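*Asks:* Anchor point for the sequence shown: position 53 equals 53 in the working numbering, and the numbering is continuous, going up by one each time.
Hints in this document: simulated from the structure, not taken from any laboratory. Only a predicted model underlies this, so the values are computations on that prediction, with no experimental measurement involved. All clues given are correct.
Straight-line C-alpha distance at most 20 Å; calculated SDA-like pairs for lysine to any residue:
1) Lys-79 to Lys-110
2) Lys-61 to Thr-181
3) Lys-110 to Val-44
4) Lys-143 to Ile-51
5) Lys-139 to Arg-31
6) Lys-62 to Arg-105
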Amino acid sequence: MVIGAVLMREEDEVICRDLNIRDSKLIAPKRREFLFNEIKKFAVEVHHVKISAREIDRQRKKMSLNELEALKMAELIKKFKHEPDLVVIDLPDPTAYGFIHRISRYIKIKAEIKAEHKADAKYPSVSSASIIAKVTRDKAIEKINEKYPVGSGYPADPRTKEFIKNNVNKGFDFIRYSWETARRLKKEEKQSKLNDY
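Can you make the complete structure from the sequences, with help from the hints?
*Replies:* This is the structure we're talking about:
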């Protein structure tokens, strides 16, 4: 998992509109890479954090995925050398209040924190952060695909599901075993072995 953070000035939003920066899922891969480099040129600061499958599995024994995201977002905010006036977050939690409360346990800042569903489609800074995260993630997946046919790494991808199904007990450090798809496939694998007796 990769989470991005982009600090920009209000006037940078004009550049975002001119470049047609929007939710990374709506942009073709080549265009995303171009925008990734452009964002790094005009933004005040650009940061990201990678959360390995191993770390997610380890942390999921202690906390929810949303709690882990709050922790990592707080770490990203701490990376800013310039303190922001406003922090806008693409909300993974059901309620904004709940998620903002989660973050405030890990960081104290003067800035207003705003959390909204689909913020990556509404706010240029969040759209930019989603591009930074997506391009960084895709590059990491490409590296894995050089050795193993994992596909996109998303749950809907048949290649990803097939790879996990065939390798669910091999201990690869890039498979998130706490992921529902992996848990289900592991259970099916165990069940089929029991049925062999």
